[in-house]
Amino acid sequence: MRSQYFIIQPCFGCPFRTEAIRFVPHQSFDDGLTLLFFHAVNLHKETFTILITELMKIISPVRIHDIWAIDNPNQGRSASLNRPLLESEEYRDKWSATEYSRAAYALLSTTSHGTDFSRRKLVGVAHSGGSTGLMILQKRHPEIPFHGIILMDPGILPPDRPSSITLARLFNRMALSKRDTWASIEEARQDLSRKGGAYRGFAPATLESFLVWLSSFILISVRSKCTGIQECGLRCVADAGAVTLTCSKAQEAVNSQTKHIQ
92 MRSQYFIIQP CFGCPFRTEA IRFVPHQSFD DGLTLLFFHA VNLHKETFTI
142 LITELMKIIS PVRIHDIWAI DNPNQGRSAS LNRPLLESEE YRDKWSATEY
192 SRAAYALLST TSHGTDFSRR KLVGVAHSGG STGLMILQKR HPEIPFHGII
242 LMDPGILPPD RPSSITLARL FNRMALSKRD TWASIEEARQ DLSRKGGAYR
292 GFAPATLESF LVWLSSFILI SVRSKCTGIQ ECGLRCVADA GAVTLTCSKA
342 QEAVNSQTKH IQ
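Numbering of the sequence shown is given in this note's numbering, commencing with residue 92 and proceeding in unit increments.
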């Protein structure tokens, strides 16, 4: 399976530059399905790589054309492309799943990457909080020809219900109280994978894809200085070797408090 990265430029409906990755299986069918993956809050598109690789081993009866995964614009490598805008007054303490849907629409409505999605049998696949972005996209743009939608552990809370309010407050407190900076990537790895850690349930390879994604791109590595390091799940901070989450705690927290779909 080969892969290729694309950067979707800002447009009228989306002010962000957003990175997407396209996977093409060894046996690609012109009449097959095109899958589009939406990741959970504070993850990034590369964390789907292990899942997609394993999926291709067992999905042989299903004809697949290609598979795409797109970043939420304030997370993963896309966060580095948008850092000035994300740290501006407009977005510093604000975020909602609507921004994810806008970025996805920008991807689907352009052909600058060489793909005309209007001619594809499109299936949306979303995990946790990414489900909200996918559902907003479908609601606001019914002209997009989705042939199916798959939601994995969907993070969709019906508005104004007591249970939704309680969960939203819980997610808000968790985001604000969690640790988000470590002295080194190794310290982050040990902390996040420990018993009781935020990613203790991740398969080791998936956790590693969150921390360090190595392909033809080096996204983050252990260096004495951070100059030139591109970010993925973590980014460098001013202290030599220190890393922090690419998605800020403030944006993650407020995202859980925002009413996305009525």
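Please note: incorrect hints may appear among the correct ones.
[Stated by the list, open to error] Computed cross-link-like contacts, BS3-like style, restricted to lysine-lysine with a CA-CA straight-line distance of at most 30 Å:
| id | residue 1 | residue 2 |
| --- | --- | --- |
| 1 | Lys269 | Lys340 |
| 2 | Lys340 | Lys185 |
| 3 | Lys148 | Lys212 |
| 4 | Lys269 | Lys185 |
| 5 | Lys212 | Lys340 |
[To be verified] Taking CB as the label site, the calculated pair distances span:
| id | residue 1 | residue 2 | range |
| --- | --- | --- | --- |
| 6 | Arg231 | Ile98 | 39 to 47 Å |
| 7 | Phe120 | Ser179 | 37 to 45 Å |
| 8 | His204 | Ala296 | 26 to 34 Å |
| 9 | Ser179 | Asp121 | 24 to 32 Å |
| 10 | Ser275 | Gly205 | 22 to 30 Å |
| 11 | Tyr96 | Met147 | 15 to 23 Å |
| 12 | Lys185 | Asp121 | 38 to 46 Å |
| 13 | His117 | Leu261 | 42 to 50 Å |
| 14 | Asp184 | Leu258 | 15 to 23 Å |
| 15 | Arg154 | Pro295 | 26 to 34 Å |
The set of hints was computed from the structure by calculation and includes no laboratory data.
Yeah, the Cβ is synthetic: ideal placement off N, Cα and C, and Gly gets one too.
Hint check results:
Taking the CA atoms of Lys269 and Lys340, the gap is near 8 Å; set against the 30 Å cutoff, the hint holds. In summary, the hint linking Lys340 to Lys185 is supported, as the alpha carbons are separated by about 11 Å, within the 30 Å threshold. With a C-alpha separation of about 21 Å, the suggested pair Lys148 and Lys212 falls inside the 30 Å cut-off, and the hint holds. Between Lys269 and Lys185, the direct Cα distance comes to roughly 18 Å. Compliance with the 30 Å bound is thereby established for this hinted pair.
Of the pairs offered as hints, the one joining Lys212 and Lys340 is violated, with about 36 Å between alpha carbons and a cut-off of 30 Å exceeded. For the pair Arg231 and Ile98, the beta carbons lie near 23 Å from each other, so the given range of 39 to 47 Å is not met. Between Phe120 and Ser179 the Cβ separation comes to about 44 Å, which falls inside the hinted range of 37 to 45 Å. A hinted range of 26 to 34 Å holds for the C-beta pair His204 and Ala296, which are about 27 Å apart.
Against the hinted window of 24 to 32 Å, the Cβ-Cβ separation of Ser179 and Asp121 comes to about 43 Å, which falls outside the hint. Look at Ser275 against Gly205: about 39 Å separates their beta carbons, and that is not inside 22 to 30 Å. Here the CB-CB span from Tyr96 to Met147 is close to 19 Å, well matched to the stated 15 to 23 Å. The beta-carbon spacing between Lys185 and Asp121, approximately 42 Å, falls within the hinted interval of 38 to 46 Å.
Restraint check, His117 to Leu261: a C-beta distance of roughly 43 Å satisfies the suggested window 42 to 50 Å. Between Asp184 and Leu258 the C-beta distance comes to about 21 Å, which sits within the given range of 15 to 23 Å. The hinted window of 26 to 34 Å between Arg154 and Pro295 holds, with their beta carbons roughly 32 Å apart.
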